[in-house]
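With chain A held as given, fit chain B onto it using these hints.
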Amino acid sequence: MKALRTILAVLMLTVFLAGTAAAQERLKLSSTTSTDNTGLLAYLLPEFEAKTGIRVDVIAVGTGKALKLAENGDVDVTLVHAPSSEQAFVDAGFGVNRREVMANYFVIVGPEKDPAGVGAAANAEEAFRRIAGSGLPFVSRGDNSGTHIKEQSIWKTVLGDLPTGKNWYLESGKGMGETLTIADEKMGYTLSDSGTFLKYSDKVDLGMLFVKASDMLYNPYGIIAVNPARQPHVNYDGAMRLIAFMTSPEGQKLIGDFKDKYGNTLFTPLAGE
Amino acid sequence: MHVCTGAHSPFPLLGKQSMDYIFDAISGAFALIFSFDTEVYTIVLLSLRVALSATVVASVLGIPLAYVVATREFAGKDLLITIFNTLMALPTVVVGLFCYSFLSRRGPLGFLELLFTPSGIILGDVILAFPLIVGLTIAAVHSVDPRAKATAVSLGASPRQVSVTILKEARFGLMAALFNGFGRVIAEVGSAIMLGGNIRGYTRTVTTAIALETSKGEFAFGMALGIILLVLALMVNFTFRRLQTTSRR
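Those sequence lines, one after another, are chains A and B.
For the first sequence, my numbering begins at 1 and goes up steadily by one.
For the second sequence, my numbering begins at 1 and goes up steadily by one.
In short, the hints are calculated from the structure, not lab data.
In this text the structure is predicted, and so the values were computed from the model without any measurement.
Do not rely on the hints blindly, as some may be mistaken.
Said to hold, decoys possible - Where chain B lies over chain A, by a calculated footprint (3+ residues, C-beta under 8 angstroms):
hint	segment
1	29 to 43
2	53 to 60
3	173 to 179
What the hints assert, rightly or not - DEER-style ranges, computed between Cβ atoms:
hint	chain 1	residue 1	chain 2	residue 2	range
4	A	ASP161	B	ILE22	42 to 48 angstroms
5	A	THR164	B	PHE98	27 to 33 angstroms
6	A	THR164	B	PHE74	49 to 55 angstroms
7	A	GLU25	B	PHE74	32 to 38 angstroms
8	B	PRO108	A	ASP215	42 to 48 angstroms
9	A	ARG26	B	SER35	25 to 31 angstroms
Backbone N, C-alpha and C define an ideal beta-carbon position, used for all residues, glycine too.
Excised from the complex, chain A in its bound form:
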């Protein structure tokens, strides 16, 4: 069966050769799964590549891991939305040139009928208090992400402590999308960034119940270059060019123009002002 063997050899050769990538400058960006899932990066980064010729490899993981990869120098630049963690990261000397790129707001989502009356609350704290009082499930990210840290700070303000161990407080340990799915299944509440929720709105029977642009629910995204003094091998030049692009008038306009399939704007550009 020489013919079959030849076909196989050719096939294997094609398969192996298909893997050889062209020599192009690459930049490794760690970001969060929620940021990546909105589709913003898939929309924005090709523009950057067209302008600079730099191909950006996006590694989308949880916030904690994104910062850890940056700390270890496994990526060149990181884009997350966890201001306190980002500040700690920069203070520890792991990153430099942090810039706030864009923001949206956290929203409280839950069953559309809203049995706990979250929609009528005056502020986020009262909304959370109503949820705790109702005994209805609240699904937490439980993964040290920006959303999780924000949610925990609200609980501490309202209850004095975290509701860990209460039977209505479910810690998923998963990303925003999966957490929304769990909240949907359990017919409970959760805190979500608006971008991810809009993306999932057709997959879950939850509604955006509490939507107020308050300081408490503010969700800014920061981009930080990995400190080349600590990690000399990183593509610092590429990282700075990406930061420059995202904070430039052109990049900021692209971010502001980015809409989901229903025409909703997902991010408010920040660096232009």
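The following block gives chain B in isolation, referenced to the frame of chain A:
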């Protein structure tokens, strides 16, 4: 803020039926295969390349080792075989974590720059396939009729010729070892996602794509990719089986 949301499930009274996913997945799989979508084909080719490479490397390293272990008597032989069999149960994400600690910039092998590359995934997969191939090859060689060796030696075979004879006798078991190794690595996600980073167009394999799509709630798409993976594995196994049976002529 005004928000437009899409329609809910076409079965509002029944909620989202799980059967929706399965029917959508099957038709989705056909649509994906025949759409010749470059992104899907890139993913499929990468899975194939990584799994084949890892199986080849693990076999080249493992089969000779397995032969030596199976045919020699030495102190601690049983313990060694037990260790190989135990390592077959290594969780993929543990292998990923272990390799990450070596391949990370912080680790001793960071300078190789293997992290977040297909080669990094291959390394993890070699570690996953290796105990499987060794363990199963040892079992295959053990099951060869001892008269085969005796016959070969009596016909004046050199040790190398003896080993070839025995491995030929064990070829069905060897094939099973290779299929198992290949199956294990093409289907794994824990290590591939950790060492590859699931980078679009570069280290996204079928399994890491399924993980991503599922995390986005795209269950039907995830399942469709799963069906494609099975078809791929079927094609590979079928091809090797054909080679195996035709070589008997």
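Status of each hint after checking the structure:
1. 29 to 43: That given contact holds, which follows from 3 residues of the segment 29 to 43 of chain A lying within Cβ reach (below 8 angstroms) of chain B.
2. 53 to 60: Answer holds; 4 residues pass the 8 angstroms Cβ test.
3. 173 to 179: Three-residue rule met by the segment 173 to 179 of chain A, so holds; n is 4.
4. ASP161(A) x ILE22(B): 42 to 48 angstroms: holds, 44 angstroms
5. THR164(A) x PHE98(B): 27 to 33 angstroms: Roughly 31 angstroms apart at Cβ, these two residues keep to the hinted range, so it holds.
6. THR164(A) x PHE74(B): 49 to 55 angstroms: holds, 54 angstroms
7. GLU25(A) x PHE74(B): 32 to 38 angstroms: violated, 53 angstroms
8. PRO108(B) x ASP215(A): 42 to 48 angstroms: Since PRO108(B) and ASP215(A) have Cβ atoms about 46 angstroms apart, the given range 42 to 48 angstroms holds.
9. ARG26(A) x SER35(B): 25 to 31 angstroms: holds, 28 angstroms
When held up to the earlier numbered hints, the structure conflicts with hint 7 and nothing else.
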